[in-house]
Amino acid sequence: MNMVEAINNALHNEMKSDDKVLIIGEDVGKDGGVFRVTDGLIQEFGEDRVIDSPLAESGIVGFAIGLALYGFKPIAEIQFMGFLWPCLDQLSSHASRIRNRTWGRYTVPLVVRAPYGGGVRALEHHAESFESILAHIPGLKVVIPSNPYDAKGLLISSIRDPDPVVFLEPKRIYRGFKEEVPEEAYIEEIGKAKVLVEGDDLTLVGWGSMIPKILKARELMLEKGIKAEVIDIRSISPYDYHTVHKSVEKTGRIVVVQEAPRTLGFASEIISRINDNEMLNLKAPAFRVTGFDVPFPYYKMEEWAMPDLDRIIKASRQVLKW
Amino acid sequence: MFQIIDSNGKLVGLDPNLDEKLLKEMYWWMVYARMADDKALKLQRQGRIGTFPPTTGQEATQVGSGLATDKEDWIFPAFRELGTYLLRGIPLEKMFLYFMGDVRGNIIPENVRNLPMYVPVSTQIPQAVGAAYGMKLSNKKNAVVCFFGDGATSKGDFSEGLNFAGIFNTPNVFICQNNQWAISVPRKKQTASKTIAQKAIAYGFPGILVDGNDVLAMYLATKEALERAKSGDGPTLIEAYTYRLRMHTTADDPTRYRTDEELKEWEQRDPITRFRIYLESLGIWSKEWQKELETKAEDMIKKAIEKAENIEELKPEDLFSYMYLEMNPSLTEQLDYLKKMLATKEIEENSEKIEGGFP
Ligand SMILES: Cc1ncc(C[n+]2csc(CCOP(=O)(O)OP(=O)(O)O)c2C)c(N)n1
Ligand SMILES: [Mg+2]
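So the protein sequences, as listed, match chains A and B. Position one of the first sequence corresponds to residue 1 (my numbering), numbered consecutively onward. Position one of the second sequence corresponds to residue 1 (my numbering), numbered consecutively onward.
What the hints contain is simulated information worked out from the structure, not anything from laboratory work. Think of the CB as a built atom: it goes at the ideal place given N, C-alpha and C, for glycine as much as any other residue. Errors might be hidden in some of the hints.
If the Cβ cut is set under 10 Å, some of the chain B residues that face chain A in the computed set are [stated by the list, open to error]:
| # | residue |
| --- | --- |
| 1 | Trp28 |
| 2 | Asp102 |
| 3 | Lys155 |
| 4 | Trp289 |
Subject to a maximum C-alpha distance of 25 Å in a straight line, what follows is the list of computed DMTMM-like cross-link-like pairs (lysine to aspartate or glutamate) [stated by the list, open to error]:
| # | chain 1 | residue 1 | chain 2 | residue 2 |
| --- | --- | --- | --- | --- |
| 5 | A | Lys20 | A | Asp48 |
| 6 | B | Lys287 | B | Asp70 |
| 7 | A | Lys300 | A | Glu124 |
| 8 | A | Lys194 | A | Asp163 |
| 9 | A | Lys300 | B | Glu288 |
| 10 | B | Lys141 | B | Asp253 |
| 11 | A | Lys20 | A | Glu180 |
| 12 | B | Lys340 | A | Glu179 |
| 13 | B | Lys345 | A | Glu223 |
| 14 | B | Lys189 | A | Glu44 |
| 15 | B | Lys307 | A | Glu124 |
| 16 | A | Lys216 | A | Asp310 |
| 17 | B | Lys188 | A | Glu44 |
| 18 | A | Lys192 | A | Glu278 |
| 19 | B | Lys230 | B | Glu349 |
| 20 | B | Lys303 | B | Glu280 |
| 21 | B | Lys345 | A | Glu219 |
| 22 | B | Lys339 | A | Asp276 |
| 23 | B | Lys302 | B | Glu313 |
| 24 | A | Lys224 | A | Asp310 |
| 25 | A | Lys227 | B | Glu346 |
| 26 | B | Lys315 | A | Asp276 |
| 27 | B | Lys339 | A | Asp293 |
| 28 | A | Lys300 | B | Glu306 |
| 29 | A | Lys192 | A | Asp276 |
| 30 | B | Lys315 | A | Glu278 |
| 31 | B | Lys39 | B | Asp299 |
| 32 | B | Lys315 | A | Glu302 |
| 33 | A | Lys224 | B | Glu349 |
| 34 | A | Lys30 | B | Asp253 |
| 35 | A | Lys224 | A | Asp240 |
| 36 | B | Lys188 | B | Glu306 |
| 37 | A | Lys216 | A | Asp163 |
| 38 | B | Lys345 | A | Asp201 |
| 39 | A | Lys321 | B | Glu346 |
| 40 | B | Lys188 | A | Asp48 |
Could you put together the complete structure from these sequences and hints?
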């Protein structure tokens with residue numbers, strides 16, 4: 001399955017096994033979602049559970065929070081991350097804090113799904129990555145898969161999670177590649193990073209659509225005899241720093257790759273934590289390869305705006321020869 | 001529903017007695033917009049422009065209201081107003097550039113009071129109200145026309161904007177292009193209101209339902225609303241009842257959600273055909289004139305494509321220079337980095353094939 005199929009399959013499994021699971025969003029029903037992620041679900045589960053909403057993002061999330069408070073397990077789809085801004089009020093003022101405000105009397109088991117990221121020649125506002133802004137809201141979980149297998153397992157975990165999860169889908173690799181994905185439900189634990197390839201020379205860390213690039217960069221470096229360890233952190237909140245720090249203790253060198261703008265991106269948090277705990281294990285400063293502090297550009301300039309193999313390898317070399 | 005000519009091109013309302021020059025102008029802009037839309041669709045299929053939202057079927061709404069608007073009035077658009085866009089004096093190559101992923105498509109000529117396209121639906125509405133309030137404060141006898149779709153009326157920005165407009169009695173004309181669909185969501189699933197026009201009543205000002213495929217009705221309704229606005233009588237909401245004859249955007253497949261019968265029915269109400277019949281009945285339209293317009297439009301479209309495709313290449317500076325009036329140290333550093341990376345590039349990535357549509 002590719003990632004779209006794996007997510008669709010996860011939604012299908014969960015809707016089938018739990019009739020409290022509902023989907024709401026723009027064009028998710030008849031159209032099957034603009035990326036076809038919800039394709040076929042309305043035919044199987046009906047209009048009451050796969051809801052084509054009016055065009056109102058804040059409304060969608062507020063409505064889903066209400067459903068969750070009442071005991072349902074809503075999955076809200078925001079068509080593109082760029083249209084998620086109006087939902088920040090509902091997410092930060094309510095979904096993320098009702099457990100805390102009521103000491104657990106009320107909770108919001110909500111999933112908000114949204115495709116994010118650039119590199120698909122999209123119109124403006126269709127290519128943003130502001131995951132760090134979401135992770136900055138205490139009380140939200142922010143999960144970002146990088147492959148079909150994880151996408152399914154992590155989404156099922158997110159749906160079963162008792163707290164609100166924002167599930168960001170790297171649209172650039174939605175159909176990028178296929179892999180073996182079981183038909184039956186399984187979970188991948190939220191908050192666990194995954195070491196994708198081991199290596200001793202340096203640690204490369206990323207998430208979402210940066211992972212295939214990082215893996216390719218590793219391959220190219222391997223030809224020169226450099227063995228990088230690659231970690232997919234998979235969830236930026238909660239963040240599994242143990243796995244990253246363990247790797248840094250071994251390699252002493254780290255490059256974090258992030259598509260989002262540079263300032264205050266999640267790479268900054270990763271490096272800050274390394275500073276807290278692993279300073280003395282570093283053989284070189286922790287580096288980051290990031291997007292720029294500009295709105296994600298129109299597509300003529302989009303390749304400039306994203307980390308690429310060349311930049312990942314150059315940063316790695318710098319860290320290695322420090 | 002306010003109508004001057006019906007779908008057969010027959011006069012059914014009061015004869016507006018508009019002069020021939022204006023009638024011809026209306027027809028010209030509709031033909032030009034339609035032909036430009038056709039061409040854009042072809043260019044998209046050839047990979048020469050990116051995803052774009054066709055406008056075919058909605059020309060009367062856009063041209064009628066656009067020509068009623070003075071040059072000194074402002075327009076806050078959505079993204080599907082090609083007719084209005086062109087007649088205001090924005091060169092067609094700007095539209096091509098924008099959909100070619102080139103930010104220079106947004107640089108509106110100095111003398112044109114249009115904002116560039118608004119992609120996040122509905123966000124232009126409160127802004128149009130703020131601009132109109134500013135106009136009022138400055139004692140200007142002008143108005144702000146704001147376009148949006150039927151889908152846009154569901155967002156908070158619509159309610160908030162119209163509420164402000166009602167309270168502050170701003171010189172606004174809100175034009176809702178109700179083209180019956182918001183991607184796959186039909187109008188009846190967007191609101192339980194019988195009409196969109198009636199929503200205005202709740203905000204304390206008039207709303208009017210107009211045949212959006214009747215260029216004369218759109219012209220007159222907008223003219224009247226603008227007069228109200230300019231004489232201090234406040235805002236008006238115009239629901240232009242029309243239809244999107246093509247896909248939502250080139251990434252969309254409308255056969256997934258709407259029927260052929262519906263499409264056929266609306267094709268019968270094509271705004272250009274009906275106006276042509278009307279003009280013919282007045283002895284204004286002729287085959288030769290049609291040919292003349294088409295030749296002119298073809299030529300203009302060809303030149304616009306040439307201009308857009310031959311524009312000078314963008315430079316790394318262009319990514320950063322317009323962030324603030326002055327570059328800050330962090331941006332300067334990032335620009336230097338980008339330049340260095342491009343100058344020393346060793347690995348060319350074969351850009352992976354990207355699949356999957358987006359609207
Ligand atoms: C806030 C926001 N949500 C979602 C989208 C994606 N989208 C683009 S156009 C559109 C439908 C708009 O419908 P309508 O307002 O009727 O305008 P039309 O496309 O019919 O011209 C949607 C959902 C968007 N651009 N902005
Ligand atoms: Mg519409």
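Checked hints:
| no. | hint | in the structure |
| --- | --- | --- |
| 1 | Trp28 | violated, 29 Å |
| 2 | Asp102 | holds, 5 Å |
| 3 | Lys155 | holds, 5 Å |
| 4 | Trp289 | violated, 37 Å |
| 5 | A:Lys20 to A:Asp48 | holds, 11 Å |
| 6 | B:Lys287 to B:Asp70 | violated, 31 Å |
| 7 | A:Lys300 to A:Glu124 | holds, 11 Å |
| 8 | A:Lys194 to A:Asp163 | holds, 22 Å |
| 9 | A:Lys300 to B:Glu288 | violated, 41 Å |
| 10 | B:Lys141 to B:Asp253 | violated, 45 Å |
| 11 | A:Lys20 to A:Glu180 | violated, 28 Å |
| 12 | B:Lys340 to A:Glu179 | violated, 37 Å |
| 13 | B:Lys345 to A:Glu223 | holds, 18 Å |
| 14 | B:Lys189 to A:Glu44 | holds, 20 Å |
| 15 | B:Lys307 to A:Glu124 | holds, 22 Å |
| 16 | A:Lys216 to A:Asp310 | holds, 10 Å |
| 17 | B:Lys188 to A:Glu44 | holds, 23 Å |
| 18 | A:Lys192 to A:Glu278 | holds, 19 Å |
| 19 | B:Lys230 to B:Glu349 | violated, 57 Å |
| 20 | B:Lys303 to B:Glu280 | violated, 30 Å |
| 21 | B:Lys345 to A:Glu219 | holds, 18 Å |
| 22 | B:Lys339 to A:Asp276 | violated, 33 Å |
| 23 | B:Lys302 to B:Glu313 | holds, 20 Å |
| 24 | A:Lys224 to A:Asp310 | holds, 15 Å |
| 25 | A:Lys227 to B:Glu346 | holds, 20 Å |
| 26 | B:Lys315 to A:Asp276 | violated, 39 Å |
| 27 | B:Lys339 to A:Asp293 | holds, 15 Å |
| 28 | A:Lys300 to B:Glu306 | holds, 17 Å |
| 29 | A:Lys192 to A:Asp276 | holds, 20 Å |
| 30 | B:Lys315 to A:Glu278 | violated, 40 Å |
| 31 | B:Lys39 to B:Asp299 | holds, 12 Å |
| 32 | B:Lys315 to A:Glu302 | holds, 12 Å |
| 33 | A:Lys224 to B:Glu349 | holds, 18 Å |
| 34 | A:Lys30 to B:Asp253 | holds, 12 Å |
| 35 | A:Lys224 to A:Asp240 | violated, 30 Å |
| 36 | B:Lys188 to B:Glu306 | violated, 42 Å |
| 37 | A:Lys216 to A:Asp163 | violated, 35 Å |
| 38 | B:Lys345 to A:Asp201 | holds, 23 Å |
| 39 | A:Lys321 to B:Glu346 | holds, 18 Å |
| 40 | B:Lys188 to A:Asp48 | holds, 16 Å |
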